[in-house]
Structures are given as structure tokens and as C-alpha cells.
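Protein chains in written order, with my numbering: chain Z, 459 to 780; chain X, 459 to 780; chain A, 118 to 456; chain P, 118 to 456.
Please note that a few of the clues may not be correct.
The calculated lysine to any residue pairs, modelled on SDA-like cross-linking and capped at a C-alpha distance of 25 Å, are [stated by the list, open to error]:
(1) X:K590 with A:E145
(2) Z:K483 with Z:E743
(3) X:K593 with A:E145
(4) Z:K658 with P:D180
None of these hints come from the bench; they were simulated from the model. None of the values given here were measured: they were computed from a predicted structure.
Residue strings, one per chain:
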Amino acid sequence: MVKPSKELVLSLYRGMVEIREFEMKAREIFRSGKMPGFIHVYIGEEAIATGICAQLRKDDYVASTHRGHGHAIAKGISARSSMAELMGAIDGCSGGRGGTMHLYEPEVGFLGSNGVVPPGILIATGAALSAKVRKSDQVAVAFFGDGAVNNGAFHEGLNFAATWNLPVIYVCENNLYATEMPFEQATKNTDVASRAAAYKIPGYQVDGNNVLEVYERAGEAVARARRGEGPTLLECRTYRWFGHHEGDAGTSYRAKEEIAKWRELDPVRRLRDKALADSLVTAEEFAQVDRDVEKVINDAAEYALKSPQPDVSTALDHVFSN
Amino acid sequence: MVKPSKELVLSLYRGMVEIREFEMKAREIFRSGKMPGFIHVYIGEEAIATGICAQLRKDDYVASTHRGHGHAIAKGISARSSMAELMGAIDGCSGGRGGTMHLYEPEVGFLGSNGVVPPGILIATGAALSAKVRKSDQVAVAFFGDGAVNNGAFHEGLNFAATWNLPVIYVCENNLYATEMPFEQATKNTDVASRAAAYKIPGYQVDGNNVLEVYERAGEAVARARRGEGPTLLECRTYRWFGHHEGDAGTSYRAKEEIAKWRELDPVRRLRDKALADSLVTAEEFAQVDRDVEKVINDAAEYALKSPQPDVSTALDHVFSN
Amino acid sequence: MSQAEPEISQDAQRVITYAEAGVEALQEEMRRDPSIFYIGQGIGPRGGNFQQSRGLWAEFGGDRVRDTPIAERAQAGLGVGAALAGSHPVVDIVFLDFVLEAICEIIQQASTIHYISDGKFKVPLVIRAAGGGVRSTGPHHSHTFYSFFMHIPGLKVALPSTPYDVKGLMKTALRDQNPVVFIDHKGLYGVKGPVPKEEYLIPFGKAAIKRTGEHVTIVALSQMVHRALQAATLLEKQGISAEVIDPRTLAPFDSETILTSVAKTGRLVIVDEAYAACGVSAEIAAIVATQALYDLDSPIHRICALPAPHAFSPSLDNYLIPSVDRIVSEVARVAKDRS
Amino acid sequence: MSQAEPEISQDAQRVITYAEAGVEALQEEMRRDPSIFYIGQGIGPRGGNFQQSRGLWAEFGGDRVRDTPIAERAQAGLGVGAALAGSHPVVDIVFLDFVLEAICEIIQQASTIHYISDGKFKVPLVIRAAGGGVRSTGPHHSHTFYSFFMHIPGLKVALPSTPYDVKGLMKTALRDQNPVVFIDHKGLYGVKGPVPKEEYLIPFGKAAIKRTGEHVTIVALSQMVHRALQAATLLEKQGISAEVIDPRTLAPFDSETILTSVAKTGRLVIVDEAYAACGVSAEIAAIVATQALYDLDSPIHRICALPAPHAFSPSLDNYLIPSVDRIVSEVARVAKDRS
Ligand SMILES: Cc1ncc(C[n+]2csc(CCOP(=O)(O)OP(=O)(O)O)c2C)c(N)n1
Ligand SMILES: Cc1ncc(C[n+]2csc(CCOP(=O)(O)OP(=O)(O)O)c2C)c(N)n1
Ligand SMILES: [Mg+2]
Ligand SMILES: [Mg+2]
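This is chain Z alone, in the form it adopts within the complex (with noise of 0.2 Å):
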């Protein structure tokens, strides 16, 4: 691996950090009772999408799951209207019509998270069919969990993309889990970046909780498309810290050691004490960037709060397009 810059670790540990206290703060809404619906958390998995997403550009497109929150503020949703959405609220990104499975906002490239497990596939693969039937040189990344890979629509999305070459990079996010499901008992092929071989694309398995690596073998991923050399399957290994949505603990089916063992594998606290040791960056540096994080969250929070929930009047809006 090449030695990353200092800035470099600084703009990715705020990523994740910003990750982090952003579903941190989720929670403890959710917990409050004043949060509507289910939240699936990405706690334990913020070097993926952190990762992933800054190799991407503005308008690349990037389409996600149901535990998206992560990957939309790392796509560049504020925190402000993503908070705002999880609250149903008219300042969120999707007019509080979406909801934390439905964030989507034009202006960064994300297609939207999703309800249903595997379309962010498709619609990923679509994103990039379009860029390169209008001669752009747009990547589209589609995040996806252990859950959709036994799925039909993951076959013939991957088949499509290497068919004709598509400019998509597929990040599996291999957590070991779909809801209380382990992935060995859902297939007999544990592993995912074997897969890619079906396909004849590349395929590799990434330490999904070491965010320079996720950067690095995204780095090659999102060049390879941008060169037009077709996609890439990414395996990302990792787990979630807390159960699959609020109000699951997550403790049921999961062995204590193997969560801890897990926790002992945190992301933030890894790349931390690894630019420590390197000296590459001081501890005040990164309580910094927490205390920068904590404000913008705090903030994000509060306003969201105070957002109103959309006035009945509108609810026939936006149900066609002019």
C-alpha cells in the first residue's frame, strides 16, 4: 500500500467519524420514541462507504441499500437533510416522503437507498449503462449487502455489466449477517469475490474495516471504469455492531466473542492508531475533527427536530412528473 497523506487520513477519518456520530445520534432519536419507522444503523462499517466514496466524483452515481445513511453522507447528502429524512420531514432530502430507506438526492449522484434488497444493483448497472450510451466517463458504485448476493437480481446485473462493459464498480458488504440469517447458511459459496469469476470480471476480498485499503483497491476499481475496462466486484468483509434495525440487539444470534472481536476491529480507532504510530497525525488533530464532527451532528440534529412534518395538503403532489 502506498503511504497515505496526511490529509488524506484526516478527510477520511472525518468521514467516517462524521458516520459514526451521525448514526450514533440516530439512535438515541430513535431510542427517544421521536424517530417513525425502522433505522438500520451502519456502525462498524463506516470504512466502506468512506472508502468507496472518496474516489468518486461529484457526479458519479452511487446507489444503496436499506442500511444507507452511511453511504449517503458519504456521497455528500448533509447530515442536516439526511437527519431531516429520517424524521420524515420536509427539509429532509426526500421531503420526508422517502424515510431512512428512501434518501435521494440528484445533486451528488445518489440514486437512492432502497427498501427492497437487491435493486441497487440494477439500478446502479442501468446508471451506468446511461453514462456510457451518452459517452461520459461517469462510474456508477452500487453498495450491497451478504443478503442480495444469492439473489437473482445480482446475477443478471453483474452479467449485464460485464456483457457490455459497464462502467460500475459492485461493493458487496459482507457482514456476515442477512438480519439474523448467517451468510453460511445462506449459501453454500462464502465467497463473494469467488463469484466474480462467473462473470469473467475481477473480483477481490478487501479488509472492509481498514479504510486505506477499501481507498486503495476502490482507487483501481473506479480507474478500471473510468477507462472504460468494465466493473469490478469488491468484497468488503465487515460486521454491524448492533443489531440488523433498532430494536434488534443483535445479541440472539451472534456469539458475545464474535462481536467483540469485531468491535476490537473498529475502523475510526484503526486508521487512528495507525497514523499515531506513523506520527503522521496528532492526537489534537483528530479531536479536532471530532469536535468539528459532534458540532455538525448536534447541529444536523437540531434541525431536523425542528423540521415540520409535510402538510397533508401535498400529499397528492409529485406523483407524476410534468
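Given the structure of chain Z, go ahead and fit chains X, A and P with the ligands onto it with the hints provided.
Leaving out everything else, chains X, A and P with the ligands in the frame of chain Z:
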């Protein structure tokens, strides 16, 4: 390859010739304008159905495709009731309600040909699941074309069978085209057998125009399944001599030379020539089979052409079962 | 055909939830019939997202109660194949929304095979799923497109609104030799009601008159039965006596009970959480307008979800779905219509 | 809203087929708008199963006209993604039946995204497919479930019956910024009709009165428009003057033209090749029974496919689908009803 017995050769020969002659007769009737719908004939591919089904018990299952006449006959539906079904007549195995793409016969475990490309894969997998849950040692076979392998149902079905270790044999009849689309335009990975790796199951490429090779590979796969060791994927390379369906000449998108080359590989003639060269079977013995089959097929055609159309008073029967 | 709820449900002392009632039906039938097995996402050790399969895995084991990967199309396709091979599978898709990923197998395969095999094959298959919205389940988890299944011949469709009906209809579904789409409502799983300990079955095609009345007939579906009953209580105070009918199954459909009621009341309001266009509410209106036009003293009225995707925001969500208030005011208007 | 076919179609000298009309619309719009591309199985060099894309590949090349593998779900899903990214894709599923494999993407994604993104994203996407049966296409190739799309808000649905309508509606679909489900009829591709050379568009939500009449209103869909017109000619000889209305689009739906006609005739018959239950025929009946009950002099009547899977055998096939004879005799009964 083990040396085949004379009985085996004659029985495989008879199986292939019966399919060949059935299809030639069906084409003739179709061209006379008396046959409704559109038929997809199996000529050129007879070795596959014949070789596979010769390894099956009567109570084993087969799920088939739009090009299913050969599978039906090989699994034991009579030429009479198959041909009558093609006529939409009451003596057809589906009473004329199904037609060419919907032959059914529980007596011989024939779970239907199909008008939709991939569902046979799932139906066979489901039958295998049933066998497993019932602790029976029945096995199931799914026949499907190269056109099905890029469909999500293929992926989902094989993953289920692998994960649950189901007694099913997936037989891909790779005839290089799906309607007018060459397989290499439908996928980057044209090696179907290699896709087995994605599911961690065995996959083999088989010369689909060599009935003895098909028979041998099928024997291994069936034995494996029967022993409870799970699914196998067999890619049988083959070619259809004629168009996708009657009415398509099949020549506008396929080179003359390619067609000629594959006709040279006629599975019927190859078996015959080999057995003659080995002095295993005499020309007269083959001729006797030819005459027998001719009788069976002429009889089937006569029977089918005489069979009446269903009476409209029965149009609403069997919508529901009691 | 047209009687109020059978006595037994009134007498029953025991009160259990809608989710428990479904489990009991499955338990009893799985004990009785070894050909039944149950597959779906999270229905094993977890007992289902909504506890709708709680205890089944522990009792019947992993062979007959199987968690599946996220592959709805295959789940349904495997169900069809297993049914053809002599099993009686229950495929739980959990959220009705995701039945869309499997609907090709249900409509093209399950619904047709008995007919197109000339009655030779049967497809005893239960597709189970929960429809409707609850607490901002939002655009992808709140669908109610049960009309799709009613449209297709060869499918039976059950849509229970009470624990009593869940149990009786599920037991019937598990003895039926046809594909049955069995649609629970997410918002009802926790609702309690009387369910007798003694075995009973509810025949398909028999509506329940959940409340008798004189002035207006309200046909309500699934969760809306509860709202309609609440509305009826409030309407009573305005001097309006509403009869509330729950069809319970959409296919077969009990037109007779509705026609008899409309012959009495002369007024028909249909309340459905689904969209109006081509919904079950349209079909009920069509049945009455084609078969009993002259019984009507007032135009038929539909109270349905407003035509917009299911919104996340509670303000919009609550506004789009028929509320008790809306039912009261619109039924009152119909009942008072003297045009 | 409620006028007979625009003059232009009568004046036109040029007669082309239904398939050709669709191609012309695509050609013109693809020339005009580079964001349009077209994908589907066999729509490239082959020109489509029904010649519905003939010549497009040759003119626009493999970049904008792409054959796909057999993967309907992905085809639709890619269409959604491409639409979000600024393209205007046409996804041809060829057979309406196989839209079932993709319907999850159409209903869950395409129909909702504009709404749930608060109007930020548009989904300009045409899903094209041919419905209906023709010459024993049988149980898996004859479906007509267009009511499913009419049920779902956020989708537009076009259902043309003539070359003129195909062209005008397809051009409109290709300029619409919403998902449009565009449903041809397999049995009509070879039918010829006048299509002017000059450019024209047909607005969505505007029914066509294909024949004016006094005694009874027949609303017919897709291929049934032709049968209804033939029936109307025969009915004329019995002294029955039938008005034949073709809604042309199901969403938006032009209720007004139908209500105006029923106000005049007092009688309504709906003819649909789809099943009755929860079909478009149910919705039309419901619209009239809720909005114009007192205009009716006779019960509404529906003439639809009989409720059985599509049978292969020509005898059954012809019997199950409404025939001209059946339309004549049933409309005559309605027209003469003096109950
Ligand atoms: C098609 C579909 N089926 C089922 C669900 C219900 N569901 C939501 S999230 C989830 C598990 C997803 O697991 P995974 O893809 O591994 O993502 P993770 O939650 O682990 O991040 C399931 C089954 C769904 N949303 N969509
Ligand atoms: C889901 C689906 N999509 C499209 C079709 C139309 N169709 C019928 S056969 C066929 C090609 C099948 O090719 P392949 O699987 O290779 O079988 P072959 O005809 O070569 O034997 C297609 C596209 C279909 N029947 N089902
Ligand atoms: Mg996971
Ligand atoms: Mg092929």
C-alpha cells in the same frame, strides 16, 4: 468410457430416433397448417434427453422447457399423447389445454415443459426439495437452454440446491443461440460448466451430441444425487438443426458452415456409425429399430389427427381442484 | 351463506393474537399432515419478523421449517415444484411487497398448472405474506395489491381480519389442493381476539357479517374491517345503522352475502386500504352494479387509499390511508343521500 | 375531451401497420431526442418478434438499440437506473406475460421514485410489451393483466388499438417524464390503418369515440375495440345503435367521455379480453356506479375473458375470449332490457 452393451446402444438409438422422427412428423403436420401454435423442435439435440433420461427411474422428476417434446418422450410420455397434445386435442397428455409448450404427465414424473424460459430450473429444484423432505431417494432433472443461464432464476435455483444439498441435476442444453442471439452476446463467460464454481458444486462440459458421453456423465450425476451428495451442473454442447421455431429458417443469423459442421455431428448417425464400426450392432438391427419407430410415429400422427378438440362445455373445468 | 359470525367465536373464552392464531393453525395442520413444510426468510429460529411462525422450527425441525436466502422468485418456484412432487409447501414471503419478485411463478406456473395439465397435477401451495402499512413502513413495505391475485383464475385468496379468521382460514388453506395466496396484515399481528380451543375450519367463499345494520352496507377488507367497525359504532350515535361485511376470502368471493345486504340497506360503501383503481373495491362495485343495480338507493361509494405511493412521513401516511374519521363522514354522507 | 377521432386520421392517405406505426414513432423520437435508447430481447438486428423495432438497430446502431439476454428483471431495473441518470430508455419485454418477472422493479422502483424523492428525480422510462392472445399462444404468452398497472399510482398506461393510436401515443410516451407502460396487442401488429405523414401526438387521458351511437355505450379495450366495432355494425341491422369508446390510455383515465356517453345512452357494456375480476372492466363499472348511477337505465354489463387460464386448444381458446357473436348477443340483450 466403459464399453456400452448392445442393448444399451440399441435402446439409446431407439430413444433418439423416436424423438427425431416425432419431430420430423410434427414439422410435417405443422407445415400442412393443421397444427395450432408454434412448435420448437429438438432435432439435433436428441442425445441429451435420451442420455439423461436413460439414467432416471420412472418416479424421478423432469422439468423442461419450450423445446420439450424430446424430454417428454425420453421420460416416457407416449408419442401418441405427445402428438395429440401438439394438436390441442383431447387425447393429448394435457387434454389439449397445454399444447406444445405444456406437456404434463405425473405418471412418469414429467413436471411439465414450459412456456417461460427459466422456471423449470426452480420446479425441478422444488421437486428435489420435496424428495429430500419426504426422505425419498428420487432425483430431479432440470433441462434448460443457454438462454436461461443469465437469468436470475438459474442463480437462485442453483444456490438453493447447493446450500441444501438437493438431489437435482441441472442440464444446460447449450445450443449456442437463444432465439437469434448468439450466446457470446448474452454473456462474457460462455463456459457454462465453469459457473458451477460460483455455487461450489461440480460442473462438467459434455459433448451433447455424443449420447454415450451424456449417458455416462448423467449416470455419475444421478448416482451422486441419489446418494445424497447434492446437485451437479452438466453443460451439454449441442446445436439445433432448424430455426428457433417452425417458421424461422434459422439461417439468417447462423452461418451455413456452422450449420453444416454441426449436422456432421448428428448424434444419431454418430452412435450408429460407431456401433457398426465396433461390430456391436448390425445394420439390419438398426434398420429394424427404424421401422419400428416409423410405425409408432405414423400411428401417433394418425391418432393425434383423429383426436377431437376439447368441447367448449369443458372450458371451465379444472380451473380449481377439489 | 349470509350469517353473522358463527356462534363458536363468541363463546370462546380464550383470547390470543392474530400472529398466534396463524401459528396454531400451522402447528395443528403440520402435525396432522406430514406433507406440509414451511419455508421463508427468518421463519426458522427467529420465528418470523412478526412472530408469525414462532415455535414451528423448534417443534418440526429444520427439515420442515427452513430459513431461505433472499430469493423470493426461487422460493415460490421451489414451492410450485415441491407441490407438484406431492408436498404441501407454505412459502412465507413475509412482506406482501416482495411477492412481486415471485409473482411470475405464482401467476404463470401455480395458477395454471392444474388447468393446463387437464387436472392431472395439483398445486397445493400456500403463499403467505403480510400486506398493509404500519408505523411508517414506507413505500416498499406497505403494499396491498391483493386485487392482482383476485384477477387471476386458479388462485384462491384469503384476507383475514381477526385471529379467529386467521386460524380457520389458514387451516382451510392447508387442506386445499390449490394455490392459496394468504394475506395477513402487518398491523394486525398483535391484535387479540377470541379463538376457541376446539378445532374449526372456515370455508373459503363465505363472508362474515361482522356487524348487522339496516341503513348502509359497508364492505371492508383486512385491517379496514376494524376501522369500519369503529366507524359503525360512531355512526350509530348519529342514528345510522351500518352493516359491516368482511369477505374474508377474495377468491372464491361471496357475492351473495353482499347482495343480500345491499337488497336490505340500499346503500353500499366499500372500504379498502388498497388503491381504488381496479382494486377489490372496483370489483365489488361492479358486482353490485351488474347484478343488483335496482337495489341501490344511492350511488356506490369507495373509501380507499388515495392514489399516491405509500409515504414515510406519518402525517402523509395517515392521511393517505382511510381513517375512522374519514369512514364516518363519508358513510354518513351516503346514508343521508336522498338524491 | 369527448370527440370522435381527430380529423387528421380520416384524411390520411397513407395506410401502414400497427407494428410500423410503432417503429415510426420510435424512429422520429429517437432522431429528435438522443437520450432515448431501446433495449430488449431480439429487438436489434432481428427487429423484434413482431417486427416492432424493425430498422431501428440499422439506423441507430448497437449503442442505442441493444439486444439483451433473457433477464427481464434486470432489463427493467437497468431502465430505472438509466432513467435516473438522464437517459430515456425504452425497455421492450416483448411479451406482456414476462413483465411479471420485472414487475417488482416497475411497481416498487419506477412508480415511486418521483414521489418519494420529493419530485427531485424523474423516471422517464417506457416499458413496452405486447399483450393478448393470438393463434394459440397458450397459457404463458397470452396475458392481459394491464389492470395491475392501472392500480398503481405513478404509472401511466397506454393501450392502443389502431396504428394511428400506436404512433400518436408512443410519441407522447417518449416525451413523458414518467414511467409509461405501453401495451401493444400481438394480434394487432399486422392490422393496417391510416397514419398521416405529418407529425402528431395523442395526449394521454383522452378517449376516442371510435363510433357514435345512441342506444348503448360499449367501452372496449385494445383488440376488443375491433370486435366491438364489428359487433356494432351487426347490431345496427337489429336497429341498435351502439357508441364504441376506446379509452386508449388507462392512466390517466378519461372518465368524462364515458360518463357523457352513458348520460346519453343510459346503458353501458364493457368489453375486455382480460378477466373481469378487478379488471379495467371493474374499474369502469365502478366509476359509473359511483359517479353516474342515475344515468343508468339498465344494469352495467361486462363481457370479458371467462375465468380460466388461457387454453392452447383453439376450440377452448376461442370460446374463452369474447367473440363478435358474444358481443352482439349480449349487447343486444342489454339494449333491449326494459326491466
Ligand atoms: C427483496 C427483499 N426481500 C426481503 C427483504 C427484507 N430484508 C430487509 S434487509 C434484509 C437483510 C439484508 O441483509 P444484507 O443484504 O446482508 O444487508 P445488511 O442488513 O446485513 O446490511 C432483508 C431480508 C427486502 N427488503 N427485500
Ligand atoms: C422469461 C422469458 N423471456 C422470454 C421468453 C421468450 N423466449 C422463448 S424461447 C427463448 C429463447 C430460449 O433460448 P434457450 O434457453 O437457449 O433455448 P433454445 O431455444 O436455444 O433451446 C426466448 C427468449 C420466454 N419464453 N420466457
Ligand atoms: Mg449482511
Ligand atoms: Mg439455446
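Against the structure, the hints:
| no. | hint | verdict |
| --- | --- | --- |
| 1 | X:K590 with A:E145 | 22 Å, holds |
| 2 | Z:K483 with Z:E743 | 23 Å, holds |
| 3 | X:K593 with A:E145 | 22 Å, holds |
| 4 | Z:K658 with P:D180 | 22 Å, holds |
In summary, this structure violates none of the numbered hints.
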